[in-house]
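Heads up: the sequence shown at position 204 corresponds to 205 in my numbering, and the numbers run straight through without jumps.
One should not assume that every hint holds.
[Said to hold, decoys possible] Result set (SDA-like, lysine to any residue): computed pairs, CA atoms no more than 20 Å apart in a straight line:
{"no.": "1", "residue 1": "Lys37", "residue 2": "Asn74"}
{"no.": "2", "residue 1": "Lys106", "residue 2": "Lys144"}
{"no.": "3", "residue 1": "Lys53", "residue 2": "Met7"}
{"no.": "4", "residue 1": "Lys82", "residue 2": "Lys128"}
{"no.": "5", "residue 1": "Lys128", "residue 2": "Val138"}
{"no.": "6", "residue 1": "Lys66", "residue 2": "Val33"}
{"no.": "7", "residue 1": "Lys3", "residue 2": "Glu165"}
{"no.": "8", "residue 1": "Lys93", "residue 2": "Ala23"}
{"no.": "9", "residue 1": "Lys144", "residue 2": "Gly185"}
{"no.": "10", "residue 1": "Lys153", "residue 2": "Ser189"}
{"no.": "11", "residue 1": "Lys192", "residue 2": "Glu204"}
{"no.": "12", "residue 1": "Lys187", "residue 2": "Ala23"}
{"no.": "13", "residue 1": "Lys78", "residue 2": "Arg43"}
{"no.": "14", "residue 1": "Lys128", "residue 2": "Asp221"}
{"no.": "15", "residue 1": "Lys37", "residue 2": "Ser63"}
{"no.": "16", "residue 1": "Lys93", "residue 2": "Pro52"}
[To be verified] What follows is a set of in silico ranges between Cβ atoms, one per label pair, in the way DEER data are often shown:
{"no.": "17", "residue 1": "Ser219", "residue 2": "Ser92", "range": "14 to 22 Å"}
{"no.": "18", "residue 1": "Lys78", "residue 2": "Asp98", "range": "40 to 48 Å"}
{"no.": "19", "residue 1": "Gln183", "residue 2": "Ser92", "range": "51 to 59 Å"}
{"no.": "20", "residue 1": "Lys112", "residue 2": "Gln183", "range": "20 to 28 Å"}
{"no.": "21", "residue 1": "Gly203", "residue 2": "Lys78", "range": "28 to 36 Å"}
{"no.": "22", "residue 1": "Lys187", "residue 2": "Ser63", "range": "31 to 39 Å"}
{"no.": "23", "residue 1": "Gly162", "residue 2": "Ser63", "range": "31 to 39 Å"}
{"no.": "24", "residue 1": "Glu156", "residue 2": "Arg89", "range": "22 to 30 Å"}
{"no.": "25", "residue 1": "Pro77", "residue 2": "Tyr54", "range": "20 to 28 Å"}
{"no.": "26", "residue 1": "Ile36", "residue 2": "Asp85", "range": "23 to 31 Å"}
Calculated directly from the structure, the hints in this document are not laboratory data.
We treat Cβ as the ideally placed atom computed from N, Cα and C, and that holds for glycine.
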Amino acid sequence: MKLGIMQPYFVPYIGYWQLMNAVDEYVIYDDVNFIKGGWINRNRILVNDQPKYFNVPMLGASSMKHINEVGVNNDPKLIRKNLDQLMRAYSKAPYYDKVFPLMEKILTSEKENLAQYNAESFRLINKYLGITTKLIVSSTLEKDCTLKGQDKVLEICKLLGATEYYNAIGGQELYSFADFRQQGVKLSFLKTEPITYDQFGGEFQPNLSIVDVMMFNSVDTVREMLGRYQLVCK
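Please build the complete structure, drawing on both the sequences and the hints.
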């Protein structure tokens, strides 16, 4: 069984979805500390041909809290502000009529914490894109929470019976091929190949949110993009 484990990022770039799509089961790592200035509560969309941050309004955000302890501010005015930002940015995009209602469901989900909010967005976007990977929430697993880093990941692999573990290419320095092999788990790193598409005819801005990808591409095209990666393994 192929397993992936990642923190729940907010509408992340396509490489995140490639990893989720490539594995059989995917653990939403919600019981680790929230990282300020990261991708858990924000991503980037295209505004006037330039990347601009698109944020989840939060309550009580702190690096001392777990992701599932950070609240979401569901003030209707803030939700409307985000929807208006998307409308202004993408109303002329070719797949706006399909993707805007999807984003409206995500932004109005009324989930109370950031982990639930992002997990719900995964379920909705996966349904739209036809991704069938089983999602598991980390905090529901009975594991040794005193473990850290690689040791905690290996325990989750053991609990779920994983024979292969996929991680994003950026985590190469965090994990040891030998240590995983010793535990009977094949370690692989997913490296996204260059992906480009037309964005209103301007200079291409890479690695924006999956929202941008979906606004400019059909589901079939996005699904083809999900396979554009290489696996680095030993």
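Hint check against the structure, violated hint numbers in rising order = Those not satisfied are hints 2, 3, 4, 8, 11, 18, 20, 24.
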